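Model the full structure from these sequences, guided by the hints.
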Amino acid sequence: MESHVGQFTIDAIDKDARLDVFLARVGETSRAKVQKYIKQSGVEINEDTTYVPHEFLQVGDVVEVADMRFPYEKDETVTDADPMEKKGTLPTLNILFENDDVIVLNKAAGVLVHPTPSSNEYSLMDALVDYVPAMATVGDKPEERAGIVHRLDRMTSGVMIAAKNQEAFLDLKHKFQKRFVYKKYRALVAGSLQKDYDTVLFKIIRSKSAGRMVARPESQEGKDASTDYEVIQRYANATEVDVDLHTGRTHQIRAHFHALGNPVVGDPLYVIKSVKQIPFPRLWLHAYQLTLALPGETEARTFDAPIPPELTELTDRLHKI
Numbered sequence: 001m002e003s004h005v006g007q008f009t010i011d012a013i014d015k016d017a018r019l020d021v022f023l024a025r026v027g028e029t030s031r032a033k034v035q036k037y038i039k040q041s042g043v044e045i046n047e048d049t050t051y052v053p054h055e056f057l058q059v060g061d062v063v064e065v066a067d068m069r070f071p072y073e074k075d076e077t078v079t080d081a082d083p084m085e086k087k088g089t090l091p092t093l094n095i096l097f098e099n100d101d102v103i104v105l106n107k108a109a110g111v112l113v114h115p116t117p118s119s120n121e122y123s124l125m126d127a128l129v130d131y132v133p134a135m136a137t138v139g140d141k142p143e144e145r146a147g148i149v150h151r152l153d154r155m156t157s158g159v160m161i162a163a164k165n166q167e168a169f170l171d172l173k174h175k176f177q178k179r180f181v182y183k184k185y186r187a188l189v190a191g192s193l194q195k196d197y198d199t200v201l202f203k204i205i206r207s208k209s210a211g212r213m214v215a216r217p218e219s220q221e222g223k224d225a226s227t228d229y230e231v232i233q234r235y236a237n238a239t240e241v242d243v244d245l246h247t248g249r250t251h252q253i254r255a256h257f258h259a260l261g262n263p264v265v266g267d268p269l270y271v272i273k274s275v276k277q278i279p280f281p282r283l284w285l286h287a288y289q290l291t292l293a294l295p296g297e298t299e300a301r302t303f304d305a306p307i308p309p310e311l312t313e314l315t316d317r318l319h320k321i
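If you read the sequence shown in the UniProt record's numbering, its first letter stands for residue 1, the second for the next number, and so on.
Worth double-checking, as some hints may not be accurate.
For lysine to aspartate or glutamate, the following DMTMM-like pairs were computed, each having C-alpha atoms within a straight-line distance of at most 25 Å [to be verified]:
no., residue 1, residue 2
1, 86, 100
2, 87, 144
3, 203, 221
4, 273, 16
In case anyone wonders, no lab produced these hints; they're calculated from the structure. What you are looking at is a predicted structure, and each value in this text was computed from that prediction instead of being measured.
So this is what it looks like as structure tokens:
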């Protein structure tokens, strides 16, 4: 099947261009058609979906579009009967726990949690539905996020929970919304943090110019976000931290440590040029613990996902410097 996916890396020529203007030009179509497509289907900028046509693009932004035909003007060339064909293989499910209501698993880095408008690769959701077909109808929008009650970024590994039936989904959704779920992460950040432990309360808002989330101490705009951290180990040019999330904003850990001046090692999006980078092929961020009461239970359980060996290999090397 012919692919209609488009991926573009923005260079200096298109710096500060509006997303809709850029896509109308490269797609050789009208801006109105592109605007309608963005608002209804979304476009990914740096792996984060936006529905805002007037986002401004920056050098290095990666823009991904699921269908460069922009099929929202009903014409003779476009029908709804040509969905994207999935490529690759289903992700492996590393199951930590399972009962009739939930599946707790350890997500690998590089795996999408659910399908996105710009990708035709298999996601964790696809693997879950293949494993438990009844999950295909579970959730608020099961065609998009069947069984999924929370997510991890593509390049973040670690423990997740999914619902196998609608009753369990509603129970878990309520607990996440009311913050009855406790999540712990391990991260390696560049440079040396000033404090051994702290609570970061910077609000988070999506930047219209940078194509990512922004957290600033002085900002009065954005969504409340709370991140606790404690230093586990200090290295010559990096700091390993234990992180507790009290909110679940998009890119919260990455945006908060970037705002502190200590971006997460291996993060291609939240970069500070003045901070010495440690070359690493993936994001050094792992969700290692999830604590909550399962549906139908009153006592909380804790589920642990061991830190992947590729992460510990780097810290072992840093120990020797």
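- [ ] For the pair we were handed, residue 87 and residue 144, check the Cα-Cα distance against 25 Å.
- [x] holds (17 Å)
Open item on the list: For a C-alpha distance cap of 25 Å, please report whether residue 203 and residue 221 respect it.
Closed with: Holds - the C-alpha atoms of residue 221 and residue 203 are around 7 Å apart, at most 25 Å.
Task: Given pair status - residue 16, residue 273, alpha carbons within 25 Å - done: holds (20 Å)
Task: Straight-line alpha-carbon gap residue 86 to residue 100, limit 25 Å - done: violated (29 Å)
Comparing the model with each numbered hint stated earlier shows that hint 1 is the single one that does not hold.
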